[in-house]
Amino acid sequence: MRKLIFLFIAFITLSADVVERPLLQQKDDMPAKIKAVYIYGFTKYFEWTNNKEGNFTITVLGESVNLLNELGNTVKNKSVGSQRIELKNHQTIGDIEQTSILYITPDKSHLLTEALAKFKGKSVLIITEKQGLAKVGATINFIVEENKQKFELNKVAAQRAGLNVGSGIEKLAASVIN
Amino acid sequence: MKGLKNIWLICMLLILATQISIAQTSKVNKAIELYSAKKLDSAKVLIDEAIQNPESNKDYNAWMMRGVIYKDLYKTSQMNNVASPYRDSATVSFIQSLQLDVENKNPQKELVSKSLNYLASLYHNDINKTLDTVNYQESLVNFDKHKAIKKIIDPAFNEQKYNYDVYSIVGSMFEKGFEQTMSKNLLDYANYYLLKAYEINSNTDFINKNIGVLYYNQAVDIIKKMDYDVPLDQLPVYQDQSVAMGKKALPYLIKANEINPSDKSVVEGLAGIYYLLNDSEKYNEFKKKFEEMSKH
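The listed protein sequences correspond, in order, to chains L and Z.
Its first residue numbered 735, the first sequence is counted upward by one per residue in this note's numbering.
Its first residue numbered 13, the second sequence is counted upward by one per residue in this note's numbering.
Errors might be hidden in some of the hints.
[What the hints assert, rightly or not] Here are the simulated EDC-like cross-link-like pairs (lysine to aspartate or glutamate), alpha carbons at most 20 Å apart as the crow flies:
id, chain 1, residue 1, chain 2, residue 2
1, L, 786, L, 820
2, Z, 87, Z, 113
3, L, 905, Z, 245
4, Z, 276, L, 820
5, Z, 42, Z, 60
6, Z, 294, L, 880
7, L, 884, Z, 293
[To be verified] What follows is a set of in silico ranges between Cβ atoms, one per label pair, in the way DEER data are often shown:
id, chain 1, residue 1, chain 2, residue 2, range
8, L, 797, Z, 197, 39 to 45 Å
9, L, 826, Z, 253, 38 to 44 Å
10, L, 788, Z, 204, 45 to 51 Å
11, Z, 194, L, 889, 39 to 45 Å
12, L, 800, Z, 252, 27 to 33 Å
13, L, 826, Z, 204, 52 to 58 Å
[What the hints assert, rightly or not] Which stretches of chain Z does chain L cover? Using the computed rule of at least three CB atoms under 8 Å from a CB of chain L, they are:
id, region
14, 234 to 247
15, 252 to 260
16, 280 to 289
Hints were generated in silico from the structure; no laboratory data involved.
Built from N, CA and C at the ideal position, the CB exists for glycine as well.
Start from the sequences and build out the full structure, keeping to the hints where you can.
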């Protein structure tokens, strides 16, 4: 009988082990990966009329470790034309000397006006992630629709920024401001 | 204590010997003598010969004796064999003994039932020994054997509850295997067994949590496996699949949380799934809950 009890306890113990194991893949930030793939993908849909010398810089303005990691994975050993892609991370507009893409994290959205002023006509693709920012000058604004990461395109802002917009991107955008 | 038990058993067998019909007494009696002398292999040969006889074949005492001999053979030589033929023979013999005793005349009926209960427990416990993605079929065989015995000897046996317990554990085992290997095959088995358990009882936090997590992890994997160079016009396809899977996971994790609000890992899972679904309001709500729970 003692043996039976022991064996029964062994069974219960195994069951408990199954219940308590860590299952969730919490460390993976999938929305960050999707944004990173979008950001790199945009390089194929825009033409930078300036900024053709040196590296092709993608700058993240604000704290976003996961996005930076995913961007690192996405652009590893990649180029835009003959320009090698490099990543930078800054916390203020003043720290940014030159960049081809500027992604402004939601926390730094209030710096959009300053960014637009600093990079006007300098072929900088400004990407934001806050409701309404496409209407106030961001060329690309990430939005969420039906639980999915999508983007709004402001063609007027692109022209002001000195970017030529490729034909295919309009079809991919959730909405387009002409 | 063990000595007393053996003496009692031998006395019982001697009484049994007097009850066996004269025609077959010699072989069965001889088998009992050999058993008492711990000559189990010889006792086995004789009892097997005895039950070939049409008369003994209908004798519940002969079958009981066969069960006793095979049970001891199992205990002495096949205790570590999860597919022990001796144990199966003992089980079949005891069941046959019970079924032949239609008039309920066997004074040792309790011994037969206790022996079957003992064997049922051993089958049950052996389920664990082969509970892996390669040998699980053996676990299911022993699971069926346990059930078959319990249904005969225990009127209170709750087969559905037992099915639920085993299917959910087998499903979880495959789920774990899938997470380690990403094998589609293991995923299919995990789905199959977890949903079988869910059909039986959909109101436990365990089953809801496991099914929810299985779908959630698949939602993550769709994006995780996606190539970084995927063309932008293909990106919505991956997102659609991932979101669909995430939405499939959500009701299970919500229910698991309703059943057991104190399970921190479910709250963490809900935060994760809302993050994946780009629902920042809900993500922050569950993230906050998780952080508060982590403080205690």
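We went through each hint and held it up to the structure:
1. Distance check on the hinted pair: residue 786 of chain L and residue 820 of chain L sit about 14 Å apart at the alpha-carbon level, within 20 Å; holds.
2. In summary, the hint linking residue 87 of chain Z to residue 113 of chain Z is not supported, as the alpha carbons are separated by about 26 Å, beyond the 20 Å threshold.
3. Our distance criterion of 20 Å between C-alpha atoms is met by residue 905 of chain L and residue 245 of chain Z, whose separation comes to about 9 Å.
4. For the hint pairing residue 276 of chain Z with residue 820 of chain L, the CA-to-CA distance comes to about 40 Å; that exceeds 20 Å, so the pair is violated.
5. A distance of roughly 12 Å separates the Cα atoms of residue 42 of chain Z and residue 60 of chain Z; the hinted pair therefore holds under the 20 Å criterion.
6. Under the criterion of a C-alpha separation no larger than 20 Å, the hint pairing residue 294 of chain Z with residue 880 of chain L is consistent with the structure, at around 14 Å.
7. The straight-line distance between the Cα atoms of residue 884 of chain L and residue 293 of chain Z is roughly 18 Å, inside the 20 Å bound, and the hint therefore holds.
8. Range check, residue 797 of chain L to residue 197 of chain Z: Cβ separation about 42 Å, and the 39 to 45 Å hint holds.
9. Roughly 39 Å separates the CB atoms of residue 826 of chain L and residue 253 of chain Z, a value that falls within the hinted 38 to 44 Å.
10. The supplied range of 45 to 51 Å is broken by residue 788 of chain L and residue 204 of chain Z, whose beta-carbon atoms lie about 57 Å from each other.
11. In this structure, residue 194 of chain Z and residue 889 of chain L meet the distance hint of 39 to 45 Å, their C-beta atoms being roughly 42 Å apart.
12. With their beta carbons about 22 Å apart, residue 800 of chain L and residue 252 of chain Z fall outside the hinted range of 27 to 33 Å.
13. Between residue 826 of chain L and residue 204 of chain Z the Cβ separation comes to about 55 Å, which falls inside the hinted range of 52 to 58 Å.
14. Counting residues of the region 234 to 247 of chain Z whose CB falls under 8 Å from any CB of chain L gives 9; the rule of at least 3 is met.
15. A count of 5 residues in the region 252 to 260 of chain Z with a Cβ less than 8 Å from any Cβ of chain L is obtained; the coverage claim is therefore met, three being the minimum.
16. Chain L is given as covering the region 280 to 289 of chain Z, and this holds because 6 residues of the stretch bring a CB closer than 8 Å to a CB of that chain, at least three being needed.
Going through the hint list in order, the structure does not satisfy hints 2, 4, 10 and 12.
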